[in-house]
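Kindly generate the complete structure, drawing on both the sequences and the hints.
Protein chains in written order, with this note's numbering: chain A, 1 to 202; chain B, 1001 to 1202.
A couple of the hints might just be wrong.
Computed list of lysine-lysine pairs in DSS-like fashion (alpha-carbon distance at most 30 Å, straight line) [claimed, not checked]:
id, chain 1, residue 1, chain 2, residue 2
1, B, K1116, A, K116
2, A, K62, B, K1116
3, A, K185, B, K1185
Source of the hints: derived by calculation from the structure; they are not laboratory data.
2 protein chains.
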Amino acid sequence: MSQPTAARGARTRLSPDQRRTQLLDLGVSLLATRSLDELTIDLLAEEAGISRGLLYHYFGTKHDFHEALVRRAIDDLVQQTAPPAGEDSLGRLLASVAVYVDYVVANYEGYASIVKAAQGGNETLRRLYDGARAALTDRIFTADAQGEVVPDTPAARLMVRGWAALAEELVLTWAREPAGVSREKLIRVITGALPELVDLTR
Amino acid sequence: MSQPTAARGARTRLSPDQRRTQLLDLGVSLLATRSLDELTIDLLAEEAGISRGLLYHYFGTKHDFHEALVRRAIDDLVQQTAPPAGEDSLGRLLASVAVYVDYVVANYEGYASIVKAAQGGNETLRRLYDGARAALTDRIFTADAQGEVVPDTPAARLMVRGWAALAEELVLTWAREPAGVSREKLIRVITGALPELVDLTR
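Structure (C-alpha cells):
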C-alpha cells in the first residue's frame, strides 16, 4: 500500500530533481514484476501517494515517463554489470554475465517488455536499447584491451553482436524454463560461448 | 511497370484460389526489397494491375493481407531451408544454414521487417514467427535423429533457441555490414556454433 502522508512529507524536503529521481527509483522497482504497459502513470501516482497531475509535472507525457523509466532501468543494468577490477579478462566477463543473468531474473517482467518494445516499432526505446547494447558490448573490448578473450577486429565485433543476441535469448528463455540447466552452468555457457564464436571466425 | 491487360486476361482463366496464390507470389517477390509497411494493398493492386476493391475481395482487411503474406513468406523460408537428403547430419545443417543466409540476403527488407513486427507487439505475426522458428529448430532434431550434432535433451533445446537468435542477428547484421567475413565463413561459423554451444552445457 502507498503511504501518502510520508510521501507528501518527503516531497516538501526534496528538490524537483531529487523527487524525480525518487519517483524513478520507485518506478524501476515496480517494473521488476510488471511490463512497461502495466506500469502506468496512475499506478506510479498511487504507489507514490501523489496526484497524477504532479507526476505529469515531473515527467510530461506518458511517453516521456516510459522513456525516462527505460533510460533509468538501462543505466542501472549497464552500471550493475560493469566488469569488476582485479580479475583476468575471462574472470571479468564471467562476473558481468553472472550479474546480467541475476538482473534479468530479478527484473524479468520489465526487462522482457523493454526488449519487446525496443525490438518492435518504438524508435525512442529502440535507440535507448541499442545504446545499452553498444555500451555492454563495447565494454568487452575496453575491459579486455589485451584481447585475451576477444581481439578487437571487425569480425570479432560482428560475433559479439550475435553473442549478445544469444545471451539475451538464453537468459530470457531460461528464466521461464530452466531445462535442467543450473544458474552456474548457464553463466559458464554464455561466457564460454564468446571465445568459441570468435575462434570459429579464424 | 504493371501490365493491366495481361493481368486481367490471366484473372479470367484462374480460380479464386489460384488467383490468390498468384497475388501472394507477387507480394512475396515485392517484399524482397520492401518492408511490410511499405508493401500496401495499393502497391500490390498497382503491380498486379487490378483494383484495390478486388484485392480486398481476395484478402479482406490490410491486416489479413499482411498476415497472408507473412504466412506465405515464412512457409517459403521453411520449405527452402529443408535439410537435403543424403548428407551426414553436419552436412545437412550446413546446407540449411547456407540457404538461410542466402534467403535473408535476397529478401533482406521484407525479412528484417517481419522479424521486427513479430518481436514487437503484433500478436498474429509473433505467432507465425514463433511457429516458423519452432519448425526450423525442431527440424534440427528430426534431421539429426541419431543426435550426431545435437542430442535431443531439454538443455540442447534451450541452446538451439539461443543459437537461432545468434544466427538471425549474425545474418541480419552481416547482410548490412560483412566486417570482412565471407559468406562461406559466416555459414561455417553459424553451423559450427551449434555443436560448440551444446558441448558447453556438458
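Okay, the hints, checked on the actual structure:
1. K1116/B x K116/A: The hint holds at about 9 Å.
2. K62/A x K1116/B: Roughly 23 Å separates the two Cα atoms, so the pair holds.
3. K185/A x K1185/B: Holds, because 29 Å separates the two Cα atoms, which is no more than 30 Å.
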